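Enquirer: Two chains, two frames, some hints: make the complex.
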Amino acid sequence: MNRNLKKLVLPLLAFCLLVIGLTWAGKSARVHSESQAQPEIQTKSGVQRINDKAKAVKGPDKAAIRGLTDEIMSQYGWDDAPAAVTESVKDRLVSAEAKFHNGNHKGISETDVSRAVNGFVAKFNTPDYSRTSPSEVKEVRGRLLTLLPDFVGRGRVENGKGQAKKAGSQIAEMSPVEAAYTTMAVVYQKLNNPDFQKTQAERRASWIEKHSKTPAFPNKPDSEPSASQTARQQEMDGVLKRVASTASIQDLFTLPDKVLDVLGIERQKKEDK
Amino acid sequence: MNAILKLTLVVALGFFASGCWIIDLLDPSGFTIKTTFTTPPSPTQRGVTSPDPNVVVIGSFASPYFSCGSQGTLSITTDGEGKLKSRDWLANGYWNFQRIGGHTGCGLRQAFGYASCGGTVPLDCSPALTFGMTPESIDVNAPPATATFTGEGLDATYGMPTIEFYDEYGTFFNQTTASYVSADGTWLQAAVPSLAGLYSGTYTVVIVNATADGSRNAVGTASVWVYGNDMLPPPPDPDPDPGPCVGGICQVY
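Taken in sequence, the protein lines are chains A and B. Residue numbers for the first sequence follow the numbering used here, beginning at 1 and rising by one. Residue numbers for the second sequence follow the numbering used here, beginning at 274 and rising by one.
Extracted from the complex, chain B is given alone in its bound form (with noise of 0.2 angstroms):
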């Protein structure tokens, strides 16, 4: 008896430090779905994945067998942080999703993937940027003069948008000022700054429209791929990754 209550007292315990986990390790049931959306693919780059809050996801559950939950449909949004959970989800089988809104560009997507019971469902979305270039890629040995940007939101009331071009690592290189913006604000013209000494890579373009106080206002960014310059560059931390540790003092959580 008194071992049972022991127990007893461990689990109770154990519930209230840790939430509803116990509940999962104890008895896996339905799952949890996360929408996320990843910045566009770059040859040179890996996507970047962020929480995408607040999409709607549709789901049917598409296979004949199933583990746990008793729900085979569902119709919900993610909450703020992109995520939601229910037991009631079946699992340990595949599912049809649909996920609508959430991060532009991202509209409507539609995914296939298999539930495993406690587990968690990622249903990404990769978009394309706010603005488009084109020329989408240019030879950095023979960039072309101008370069057009189609979007929304260019404003030239104060002045002309600024264009300003970044590496992958955010280094700032250059800047040009547009020579044309059209009246709807859609689409803007520019001359493309010098390339020299640029390596192949693709390069974020990020869009600043004036304003009447002179603060930044970025109105959006596009990507560009420069090529004709792949002389490889040292490659990256040849340190060991930093740890918790500087000089010889140990900051441990």
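Here chain A stands alone, though its shape is the one from the complex (with noise of 0.2 angstroms):
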């Protein structure tokens, strides 16, 4: 048993402390070339950049979709995950967003969104205040329309025409590479912003303070922005470091797909490969 042990402990042992090495070798590289590099700032902002790959999508043009795809995965750390899972995952956006825009897939609703972030709060037993309700997801999304009109609320796209809008129609339901956007925005949310991370008491209590009467100064932030964080912006902190130590591999493998489905996001089928 001990020499069996020792067999498979060397080598991984050995293994272990070369990727130790390697990587931080490679962040030491990398922080010191930054520190020298000279600055470079993008041309474009990602708000920017999504909206363009949105404009782009006249229709259910998989390539077109697939760079959307690609642009709001991409600025929510999907880079950092194995290709596996990644390309699993755009890959069934791309089909069901195709789909969305021939007419042949479902829109998806704020409570499909809302029922699957407090998904994790059951899966991770994460506090009271990360969940969250279809009226909350309502107002990320009414508040992201004022950065990505191309892409937020859009709905069903014909040669890049939208549905006509009747006065008084409320936002239009999500096609899938939204509705994942959304999720993200909200998980987002929840884990970095303190004016989303309230209890459903305490959201009830904001919304009717805020709307209850004409505020003497229209623009006061709800809070001011600080390089400090709050109470909870730690906890949700290491809430997040917790999740990534003690959740199987199985698990974060298979979790995007589990998120996909509750959306109800349709697996791919042998034909739409």
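No lab work stands behind these hints, which were simulated from the structure alone. Errors might be hidden in some of the hints.
Claimed, not checked - Below are the BS3-like pairs computed for lysine-lysine, each with C-alpha atoms no more than 25 angstroms apart in a straight line:
{"no.": "1", "chain 1": "A", "residue 1": "62", "chain 2": "A", "residue 2": "269"}
{"no.": "2", "chain 1": "A", "residue 1": "44", "chain 2": "B", "residue 2": "356"}
{"no.": "3", "chain 1": "B", "residue 1": "358", "chain 2": "A", "residue 2": "241"}
{"no.": "4", "chain 1": "B", "residue 1": "356", "chain 2": "A", "residue 2": "90"}
{"no.": "5", "chain 1": "A", "residue 1": "58", "chain 2": "A", "residue 2": "99"}
{"no.": "6", "chain 1": "A", "residue 1": "166", "chain 2": "A", "residue 2": "55"}
{"no.": "7", "chain 1": "A", "residue 1": "161", "chain 2": "A", "residue 2": "58"}
{"no.": "8", "chain 1": "A", "residue 1": "241", "chain 2": "B", "residue 2": "356"}
{"no.": "9", "chain 1": "A", "residue 1": "55", "chain 2": "A", "residue 2": "90"}
{"no.": "10", "chain 1": "A", "residue 1": "123", "chain 2": "A", "residue 2": "258"}
{"no.": "11", "chain 1": "A", "residue 1": "58", "chain 2": "A", "residue 2": "44"}
{"no.": "12", "chain 1": "A", "residue 1": "44", "chain 2": "B", "residue 2": "358"}
{"no.": "13", "chain 1": "A", "residue 1": "123", "chain 2": "A", "residue 2": "58"}
{"no.": "14", "chain 1": "A", "residue 1": "106", "chain 2": "A", "residue 2": "90"}
{"no.": "15", "chain 1": "A", "residue 1": "55", "chain 2": "A", "residue 2": "161"}
What you are looking at is a predicted structure, and each value in this text was computed from that prediction instead of being measured.
Expert: This is the structure we're talking about:
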């Protein structure tokens, strides 16, 4: 037993040390080179890049949809995930989005997104203020509309044209790619934004206060931006680290597909691939 | 000896299973910079935060003491997700930061904040929208006849731009067509549509250029504060937040 264990551990340990060494060396080199390099300012912001890619989607064109999907996933950190997982998720989203614009895939509601986000709360036992609701998801979409008017609430697109809007019409149901983006955006608020780290009771109290009377200073922000974290931001940072260090590889690999299931995004059939 | 080998095996497997998290958990050092931007402030809406990728950050440590790290200055560009982490940066102390670039309108921003060992420093920016509207606020009972929008990229080649109005939940309520667009495409004038029945609140305006093929081409957004009708609508979400169970079937990740 002891000998067998040694046989297993020694090569593993050697490989582990090699990986640690290479990782640290790589990181040190990166930080060093970035410290020395001239700062590079992108000509287009992340939002502009998403808007441009969304504008290029004029229907069920898979190449344009793929460009949009790549962009939104990149901005939410998917470039660091294993390619096997990322590619499978992207393929599924692209296929479903093309079907959506063809009229062969249903739109996705705010309830579906809130259910998907609250699934994380149940799975990882995160704090109560990380739960969300359909109206909160709709609020996030309403705000994102100011940044991404070519993407958010656009609905089905045919030859670059959306459906005509009637006065009083609710924001359109989400396409699969918009639903994935919105889900990531809501999770991002729960991890990073103190204004959204609120329990349902706190949300309701805040909503009533904001809507009960005309404020004296319409442009006063909800909370001043700060370079220091709030207690809830720190707690959510801790949650993220706990999840990353305790969740099994199997769980992390299968999670994205399960989230897409809850959103109602169809799994790819063989003929779609 | 057997116990040490088993422990080594657990640590090694933990390392593989968790990337570098296990190192950070056992020996937190340095910190992570996260560049974000938040939608402009509004009296009735919360700001939504998004990653702001590829932002230049310059920083200098401003405390006499630190508990971890070895590097007291930094000059970096955040990655495609708006993050960058180094175990070398001094932490458990205060830093001065400058963030340069990123989302349109962020420009140069300064910040002062506490960095804890293994923690995260958020560097946020809350810029104005791409178009400004004059007037900035409208009395729903006495709206002006016209409004002016100032920005860039307006184009009347294929017809006058359309101005769409949405409430804070993205509900479309009306649209109007520009009556005049400046030759350099930096401003337009349009009639203010009927606002009858609107509640006080911040409304989003989307400006859409006409195109040759009739496809949608939003050129920018603005916001307007509408006041004078403070009736309290019912609070949202009377039911509990939806869980992962639908019709007795529970989808557990």
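Enquirer: Determine for every hint whether it applies to the structure shown.
Expert: Structure-based check of each hint:
Restraint check for residue 62 (chain A) and residue 269 (chain A): satisfied, since their Cα atoms lie roughly 16 angstroms apart, inside the 25 angstroms limit. At roughly 17 angstroms between alpha-carbon atoms, residue 44 (chain A) and residue 356 (chain B) fall within 25 angstroms of each other, so this suggested pair holds. Between the alpha carbons of residue 358 (chain B) and residue 241 (chain A) the distance comes to roughly 14 angstroms, so the proposed pair stays at or under 25 angstroms and holds. Annotation: proposed proximity of residue 356 (chain B) to residue 90 (chain A) holds, straight-line Cα distance about 22 angstroms (limit 25 angstroms).
About 13 angstroms separates the Cα atoms of residue 58 (chain A) and residue 99 (chain A), which keeps this hinted pair within 25 angstroms; it holds. Proximity of residue 166 (chain A) to residue 55 (chain A) is assessed by CA-CA distance (about 22 angstroms); at most 25 angstroms being required, the pair is judged to hold. Between the alpha carbons of residue 161 (chain A) and residue 58 (chain A) the distance comes to roughly 7 angstroms, so the proposed pair stays at or under 25 angstroms and holds. Straight-line distance between C-alpha atoms of residue 241 (chain A) and residue 356 (chain B) comes to about 16 angstroms, which keeps the hinted pair within the 25 angstroms bound.
As the CA atoms of residue 55 (chain A) and residue 90 (chain A) are separated by approximately 19 angstroms, the hinted pair is consistent with the 25 angstroms bound. Note on residue 123 (chain A) and residue 258 (chain A): the hinted pairing holds, with a Cα-Cα distance of about 12 angstroms set against a maximum of 25 angstroms. Of the supplied pair hints, the one linking residue 58 (chain A) and residue 44 (chain A) holds, its CA atoms being roughly 21 angstroms apart against a limit of 25 angstroms. Proximity of residue 44 (chain A) to residue 358 (chain B) is assessed by CA-CA distance (about 23 angstroms); at most 25 angstroms being required, the pair is judged to hold.
For a cut-off of 25 angstroms, the pair hint linking residue 123 (chain A) to residue 58 (chain A) is broken: about 37 angstroms separates their Cα positions. The hinted pair formed by residue 106 (chain A) and residue 90 (chain A) meets the criterion: a straight-line CA distance of about 18 angstroms does not exceed 25 angstroms. Straight-line distance between C-alpha atoms of residue 55 (chain A) and residue 161 (chain A) comes to about 10 angstroms, which keeps the hinted pair within the 25 angstroms bound.
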